[in-house]
Amino acid sequence: MTKTALEQAQPFTIKAQLQACSSKEETFKTLVTLSKSLPRLSEEEKIEDNKIKGCESAVWLIIEESNGLRHFRADSDAKLMRGVLVAIVSLVEEKTRIDIQQMDLKAELQELNLSSYLTSSRTNGILAILSQLQQP
Amino acid sequence: MPFDPSSLRHLFPILSQPAHGHPLTYLDNAATTQKPLLVLDSIQDYYQTCNANVHRGAHFLSDRATNRFEQARENIARFINAPGQSHIIWTKGTTEAINMVALGLEHLLKKDDEILITSLEHHANLVPWQQLAFRTGARLRVLPLTSSGEWETEFSHYFTDRTRIFSATQISNAIGTSTPLQTMLDHAKQQSAFTLVDGAQAVAHYPIDVQALDCDFYVFSGHKMYGPTGIGVLYGKNHALEVLIPYQTGGEMVRHVSYQATEFNILPYRLEAGTPHIEGALGLAVACDFLLSQDRPALFAWEQHLANHVYQRLSKAGGMEIYSPEKHTTLVSLSVPNIHALDLNAYLDSKGIAVRAGSHCAHPLMAQLGVSGTLRASFACYNTLEEADRFCDVLIEAIDLLSDE
Ligand SMILES: Cc1ncc(COP(=O)(O)O)c(C=O)c1O
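Protein chains in written order, with the working numbering: chain W, 1 to 136; chain B, 1001 to 1405.
Don't read these hints as lab results, they were simulated from the structure. Keep in mind that a hint or two might mislead.
Stated by the list, open to error - Pairwise CB distance ranges (calculated): (1) Pro1002/B / Ala58/W: 43 to 49 angstroms; (2) Ala16/W / Asp1045/B: 48 to 54 angstroms; (3) Ala16/W / Gly1250/B: 58 to 64 angstroms; (4) Ile62/W / Glu1152/B: 44 to 50 angstroms; (5) Ala16/W / Glu1386/B: 35 to 41 angstroms; (6) Gln1182/B / Lys36/W: 51 to 57 angstroms; (7) Leu1108/B / Lys29/W: 54 to 60 angstroms; (8) Ser42/W / Gln1190/B: 52 to 58 angstroms; (9) Asn1051/B / Lys36/W: 55 to 61 angstroms; (10) His1328/B / Ala16/W: 49 to 55 angstroms; (11) Gly1250/B / Ser22/W: 49 to 55 angstroms; (12) Glu1152/B / Ser42/W: 39 to 45 angstroms; (13) Ser1007/B / Lys29/W: 36 to 42 angstroms; (14) Asp1400/B / Ile62/W: 45 to 51 angstroms.
Stated by the list, open to error - Quick list of in silico lysine to any residue cross-link-like pairs, SDA-like style, CA-CA up to 25 angstroms: (15) Lys51/W / Ile100/W; (16) Lys29/W / Ile1339/B; (17) Lys29/W / Asn1338/B.
Said to hold, decoys possible - Partial list, computed: chain B residues near chain W (C-beta under 7 angstroms): (18) Ser1016; (19) His1020; (20) Gly1358; (21) Leu1402.
By construction, the Cβ of each residue, glycine as well, lies at the ideal position given by its N, Cα and C atoms.
Bound conformation, chain B alone (with noise of 0.2 angstroms):
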């Protein structure tokens, strides 16, 4: 393996820490990565050098301010690819992204349309298109996983023409496995539905270009790819962003307003209500410069080895159900039977292994994989192999200990 995490580990002082007694390894990177020294050294230059309201105050601290937050926003623009900052809507993370489309677009729609997601979906990318399906009387359709964990070869009868919207995951946070996105957004724009990719699993991997993708809007977390919590960004076309109704209003997306009317301000300000979460851009900004900085390539090949290390570590051990595929992926997804995903993962906690155990956001997909959760362990750049080895060797060691022989 050409690359070697120990090249930017140091970057991560949290993981340097023991857990429980035992050293901290942390594999729950698909809930939320660690972020590296220049995110927290930039929070902290932020309130040291430069705090003050943004677009408001004329004077030395709110233009540099201003003159940072906006810079951030160009950062995000080139690291996705996309035509220009006026693009770039700061959100919280993915869940209000996906909130701000839904109740932006509810104008548009009309009882039986359709708005089509997959059967990989995170609630976030769920819940807001089943609500909006309930106020408006469209229908929500999915587009399924087969029961052996593939997709059906033709499944373009999913896309109709009363097809308004389609959003799907790039890659399923609860079991790993990609969405034929491509082909997928193809149909969808051949029915002139509007388009969203939730990439909030993908970015921490992938290098994205949404002008490639083209997709209508993409939405992703900061606080999963290095940044930091509560921002996240919405990217849209620009015609798709201009028919969206501000869900929020208030001040700083106004132009003028009087009594009687609210003249809005132009993109990306239009659906940006209120003081933004200022030094979470600047963080995030930070965040896409070290990505950009990393041989990516490399990383995510590290991170796919990892995952394909355990795979085949546990697949030899057997007694377990692997849900995540068993390449091309970044975690690793299981549950084994009679013993409840809840105790492996107290097992591996008390050993200072942070993993998730649970649905992951995802009843009806775990419906359909039949479990009432799983045990997931996700990799990021920083994890070594002897991490993955320990996660491998104390899982066993659990179920040793759980199982009623």
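This is chain W alone, in the form it adopts within the complex (with noise of 0.2 angstroms):
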């Protein structure tokens, strides 16, 4: 499969996007843009068993795969978690599952200036949902 210009732009935009945010309250207002550009599930994928255990707010998330490349989609109840699971596809998508593993996925999402979603990890369970990412 080919990819656009846009799709394969767009890693470099979202993280640019976090980055260039200065304080919390930008990168609030970024991921609520973010979250916007993900697809929702439907109420049948939203099931028990694509549930990531751990998040406050409920997190779906299905892998699926395709000539050994991975594709992710997730969805959420909570608007930010939206938009942080698109930050965090954004990092996965397309790579084969090899790749994602040899990934150091916390010092991504701290270079996306997304570490404070990190150390909150009781109560949004974004390190869950890294994990469940890289397994086999």
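Hey, can you piece these two chains together into the complex? The hints should help.
Below you can see the structure in the form of structure tokens.
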């Protein structure tokens, strides 16, 4: 599958947008904007099996694979979490399982100015999402 | 308003720092309060002048530490009007105190006995009883709040001749509602049930008189009443404490030990195995003194005024569901249809405002209210009217930003 220029550029713009944020408030607003680009899952897909445990907001993640490349679809009932999911998925989308497992996702999220979402892992469970992404 | 929070705000230097570039507005006091300098100083002073293990060594420092530690117990007894220091058991907090009672009473419970709680309980006053019921075959029953948030006018039928334990919170941490405690306790006593009151949310606000309440047990945490974390209190009537089987055994709680048998110590030591949280106890005693030195009714009136002010402003603004009562409470708990409480929380946080979003350790209550969680702003004596207004302003901004128009 060939990617359009826009799709190829997307991870970089997401990164640039988040890195340009100089305050927690700006990050918030950027995540709200990003959240709007996340395709929502259908009600049938929001089942217990797809749910990630350890998040205070509900998070669903579906991992698919074609031609050895992984595709991710995700949703949450919280808007900010949907923004974070857009950022996370942009890091791993269209990569191989091995490539994803070798990534330091925590460090990448820190680079995106999202480290405060990592530290409050008990409430938002981002770490649970990351470990799910890197599951064999 | 006669009370001016600036009269004591300077005692809480933590509040004068910025958060995310904004003035820190701390409205998460139902989770834990900040500590006045006096409390911090007492901890420093303990380690600088009298650190030693208590009740053990016969030397200068140990005598000093033991004296202060036992004096602290006396201060707590005075603070809640307990008849004496032997009624005060140090615990880690409310949770440990309730677990001590639940485990300590287990030997008295039989199949089909009833344990009664209310629908306002924190998980700390629910799970230990539920697990006790599982272990003993007793039944956990719940005295519910009606769907309109009131108490049934007649709830005496929940108290039966099988009710062995009645355990209720004084104030709900999640929605700020009070229980009609005295009436409930009267019903429980008519059935000769053991009674426990969870005072975690009450002690910072109300003067507590355990003898007037006439409950068997009263429990609270230091950290919610301007004291240190990791220290709390189990108060008990003498006969009630005496029947508790110690849930921990070891040093301190014994009088004589041989390989064949152990003779336990007298109360309060019998229920305090191991080296206690000494500086926590001293700090908590200082927190009690801090509260006693204040005009407590004025503080309480001020906290209620702040909560009522927010309640009024937000109900005027509309578009939200408020679960806390309009009056006689020190917190506001709400949800906004179609907006996740965590999202509101995140925006408030980005503006330096600390509140709590979530289920407040009360899943069954949230289920009854039909929400996954609420946003809670809870007030303490150092909060100002400007802070209450900032919360309202920023919350309304957040709703604007997060609404899908
Ligand atoms: C009503 C109530 N009970 C019990 C607890 C548990 O207190 P702790 O965590 O200090 O043991 C809390 C704390 O949130 C509470 O609000």
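| field | Unsatisfied constraints (hint numbers, rising) | value | 14, 18
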